[in-house]
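Residues per chain are reported as follows:
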Amino acid sequence: MNLFVVAPVIVPLFSAAVLLLLRHSQGAQRVLATLSTAASVVVAAVLMAQVSSGGIQVVQFGGWTAPFGISFVADHLSAVMVLIASVMALASAVYALRDIDPERERSGFHPLFQVLLVGINGAFLTGDLFNLYVWFEVLLISSFVLLTLGGRRAQLEGGIKYVSVNLLSSMLFLAAIGLLYGLTGTLNMADLAIELRHQDPGLVTTIAMLFMVAFGIKAAVFPLFFWLPASYHTPPIAISAFFAGMLTKVGVYALMRVFTLLFTGDVGYTHTILLWVGAFTMVSGVLTAAAQSDVRKILSFHIISQIGYMIMGLALYTPLALAGAVFYLIHNIVAKANLFLIAGIARRLTGSFDLGRIGGLFKAAPFLSALFLIAALGLAGIPPLSGFWAKLLVVLAALEAGVWWIAAVALGVGLLTLFSMTKIWQYAYWKPAPDDAPVGAAPSRLFYAPVVGLAALTVLLGLWSTPLIGVADAAAAELLDPSRYVGAVLGPEAAAGLRAVLEASLGGDQ
Amino acid sequence: MEVPFAVMVGVLFASGLYLMMQRNLMRFVFGLLVLSGSVNVLIFTAGRLTRGAAPVIPAGLTTPAGEVANALPQAVVLTAIVIGFGLIVFTLVLLLRVYERLGTVKTDELGDALVRLDDEDEV
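Residue numbers (our numbering), protein chains in the order written: chain G, 1 to 510; chain U, 1 to 123.
If a hint is listed, it holds; no wrong ones were tucked in.
Calculated cross-link-like contacts (lysine-lysine; reagent style BS3-like; alpha-carbon spacing at most 30 Å):
no., chain 1, residue 1, chain 2, residue 2
1, G, Lys423, G, Lys297
2, G, Lys363, G, Lys423
3, U, Lys106, G, Lys161
4, G, Lys423, G, Lys161
5, G, Lys297, U, Lys106
6, G, Lys431, G, Lys363
Treat the hints as calculated values from the structure; they're not laboratory data.
Given the structure is predicted, the values throughout are model-derived calculations rather than measurements.
This is chain U alone, in the form it adopts within the complex:
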């Protein structure tokens, strides 16, 4: 069960990193989304996969009856999703500001745009 997930993580990692190496920063953000998703799947898979057994302890017992899903990676992934959401939103807003102020989101044009437009007093 874990093997196809491991392969999927590998493919997602590669796609994410490929997108992050593009010159267009919008694609960089998409790459970041894919990468952060693939890391979450990685953590989820690393906690071992169990089908159809919620980690609930039946009434009257102190330990689960039989094998149940691992709850900890789910909690970790949930935290990572929330953090990743905040970071991606910030990156998008930053890109929007860059586009407004510098007129481009292509990495090779940013430096030129900075030199061309830099006329404000920087204190």
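Isolated chain G (complex conformation):
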């Protein structure tokens, strides 16, 4: 049994338990929270290395062989997502050391943050659909509390929207699981991948649409995204940034998983819908962002717009497109969370998030301005930063697949993203501060540590993109050939059986 497959869940779970016991000693909590998040990064890196060298890693819980027990499966996509989640958790945890007030720490910020990481890593690693629901609930309930922790009025008002829409999505997810179980009699994803090929395609597609709506709400795609900009700007920045980077991406991950492993029986129908959803998500997100003046709201709408690119990569469903989607996921998590963290520092310097009320940051904080430019231009896709490669891959994939219109949409939205970033630059950094600007204070130097780290990552992924492109390629190859996933979980015979079914269905089409 490979312990490193479960370690990304065990480490934060154990530390959450200890942190609860230490609730009266905030100093000890801070040290332990930082150390355990760093430990999560280490075990995630080991898991990534193992997957890169040894292929898909599987653990069967309690010695029950699949499909009877619960499996944990780490393929390239899962491993890289776990790694980036841990890295982002570390960045947010360090930022939180100065950002989160003692009142929120006393109310349990540190253990909750670890439980959130438990839920995220569990969702990335599980190979069982009902277990995925359980991990989703673990991350949801801790995100509910983190979002409303502190109980400011704006947080409560945003929290209501976030909680209600996400609960509805969970119910749809659970209903879809129930219907799938009724159809196939199994919940193990590898087993489902085989069983679904023998079922009535009409019924399978109907259930697939239910999954698309349930995960679509969590991933904040058009037209299901309205809860996100209504809530993400309300908690402290350390929490906002982690949510902005990671939480919607768990939804994107779930969409990528089920629409490559399970629901590929009618790609012409389901993935065409996804393609349109992706296009509308890109456009509506970027256009609404242009009308905002609160930095956090602009960035929130850009989260949505960027999700569209990943959905587009998934919808095109070619090796290059899926590799582009994976690269885009990683790049976007880093750049987006960093922009939130930078906005938090700017808020401390100037005293407001409102672009109309602040200014003069370029003069007051040239170093911060440089960091903002790296993250913002990275997000917009300017070479040689990471966003350039991400956009290049998905646009190339679109042209290769002959879907020129989506390539045009993607490029146009990229231009509008650049416009939005220029707007923040123009108002917050370039123009002089207005006379009635609120007063800020110099923030602690510790705030800069995670921001510099993430900006370096954005530059590094741009200048030296080969390793991540390699991982993305490997992930795409695994996603497009479900028999490899099935073979790792259920054994070579099951994989051969699935391959025969897939080839037969391909032959039937021709």
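Based on these hints, arrange chain U on the given structure of chain G.
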């Protein structure tokens, strides 16, 4: 046997969603309760219904004698009930806090209340 249950799930789903669309958030919570109950019945029904046969293997055998009830949906529903219980309790506490701090639980009045009362320094 499954057909009346399927119809019941449909009716419960519709009632739950209707309640969730009300302006009063208390009704939203009731809708959530009904919806989560109906999803549990759905899973239970999807596992096929068997009357009066507990999934117990008699002594001396390795497989059940004859047709027995499906134990897996029951385990799944049990987990879902526990999770749903926690989520609903959290939602109720959140509503209570909203009522204390904003003075209303009507969705169309929340935004106004926020603008009217928002005088605290948000850091």
